[in-house]
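Respectively, the protein sequence lines represent chains F and G. Each residue of the first sequence is one higher than the one before, starting from 0 at the first, in numbering that gives the first Met the number 0. Each residue of the second sequence is one higher than the one before, starting from 0 at the first, in numbering that gives the first Met the number 0.
Heads up, some of the hints might be wrong.
To be verified - Here chain G is said to cover these stretches of chain F; the calculated rule only asks that three of the stretch's residues, wherever they fall, bring their Cβ under 8 Å from a Cβ of chain G:
no.: 1; stretch: 5-15
no.: 2; stretch: 24-33
no.: 3; stretch: 37-50
no.: 4; stretch: 56-66
no.: 5; stretch: 82-88
no.: 6; stretch: 96-103
no.: 7; stretch: 123-134
To be verified - Label pairs and their computed distance ranges (CB to CB):
no.: 8; chain 1: F; residue 1: 70; chain 2: G; residue 2: 160; range: 44 to 52 Å
no.: 9; chain 1: F; residue 1: 134; chain 2: G; residue 2: 64; range: 16 to 24 Å
no.: 10; chain 1: G; residue 1: 71; chain 2: F; residue 2: 71; range: 13 to 21 Å
no.: 11; chain 1: G; residue 1: 158; chain 2: F; residue 2: 87; range: 21 to 29 Å
What the hints assert, rightly or not - Output of the computed footprint for chain F on chain G, the stretches with three or more beta carbons under 8 Å from beta carbons of chain F:
no.: 12; stretch: 33-45
no.: 13; stretch: 134-140
Treat the hints as calculated values from the structure; they're not laboratory data. Where is the CB? At the ideal position from N, CA and C, for every residue including glycine.
These are the residues of each chain, in order.
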Amino acid sequence: MMAISFAGLSGLLFGVGLVVSHMTDPARVLGFLDFAGHWDPTLLWVMVGAIGVHLPLRRLIATKQARPRYAASFSLPPRSGIDTKLVLGAAIFGVGWGAMGYCPGPAIASATTSLTALTTLAAIVVGIALHERTLGESARPLRLPRMSKLRFRDVDG
Amino acid sequence: MSPRQASIVHLSNALMFDGSFTVAKVGVPLLGGALIGLAASLLYATTGRIAGVSGIASGLIGGQKGDRAWRLAFLLGLTIAGTASLGPCVADHTASHAPIAATWLAVPAGLLVGFGARLGSGCTSGHGVCGVSRLSPRSMVATMTFIATGAITVQLLRLLGVRP
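Starting from the given sequences, assemble the full structure and let the hints guide the process.
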């Protein structure tokens, strides 16, 4: 229960941070990406502020706490290198982001106040679900027939 | 003024909106960012979870039963904050210079954002804030990549006449 409450509080704070810094305004976000046009550095300052706080705090937490306050262990991202999925995924994400100026956080925060945000969010959810179904951990591995032995029978992957 | 001095002035002007430094133009985004960083730190300290919105959402969409409550709570908190617009409204006299593209773009854009974020294992909060704060090379590469393709997309859509 405490974990859930703190997760809720964290989400609330996160959202306030997004609103205060104008990150829920897609025009501001697109202004940052508009390097060749009239550049808006707002997002840069937001990142500086966020990393400036989170980087040292994260280190402090890791040294002071053997485990999270209300959970068994710290969740760590899987250790993998810089692979095609990472770069391709980020590239694709960037295209969508640069098209509307919405990424998941601001879309969720603005969903009740902007129809455009709500529409984008619905599509984001579908996009996430699509990935989960096709390439996610729970999806079945792709079974492709070997090209040299391609027959209508004996296709055993 | 030498060319080098001129370019430094130009950059500092750009960072501070045409040379008119105000606390609001730099301080407000810094403060908002600090709140985001604080939120991510709070989540990590209490639940051990990473404040990557696409990851939190994907776990809600396709995850296990016992793992959903905290995710829902986080996203609900996010929604409530946005709805209430609890942040102080700081009047910013700088006009938005990048008009948003037409609304029909929302569907393909959202699909790319959702799919791409999961394929790349993170978004602006997951990689950009949390991953970079961990000094993760993966996240730094991902962040630079999506900023690059985002910037290219902005120019491309302008070129195609989708946005002014």
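Structure-based check of each hint:
1. 5-15: The restraint on the stretch 5-15 of chain F holds, since 11 of its residues have a Cβ under 8 Å from chain G and three suffice.
2. 24-33: With 8 residues close enough to chain G, the hint holds.
3. 37-50: Held - the stretch 37-50 of chain F has 14 residues with a Cβ nearer than 8 Å to chain G, which meets the minimum of three.
4. 56-66: holds (count 5)
5. 82-88: Coverage by chain G holds for the stretch 82-88 of chain F (5 residues, Cβ < 8 Å).
6. 96-103: holds (count 8)
7. 123-134: Since three or more residues must qualify, the claim that chain G covers the stretch 123-134 of chain F holds, with 11 doing so at under 8 Å.
8. F/70 <-> G/160: 44 to 52 Å: holds (50 Å)
9. F/134 <-> G/64: 16 to 24 Å: Distance hint for residue 134 of chain F, residue 64 of chain G holds at roughly 22 Å.
10. G/71 <-> F/71: 13 to 21 Å: holds (20 Å)
11. G/158 <-> F/87: 21 to 29 Å: holds (23 Å)
12. 33-45: Coverage by chain F holds for the stretch 33-45 of chain G (13 residues, Cβ < 8 Å).
13. 134-140: Coverage by chain F holds for the stretch 134-140 of chain G (5 residues, Cβ < 8 Å).
Comparing the model with each earlier hint shows no violations; every hint is respected.
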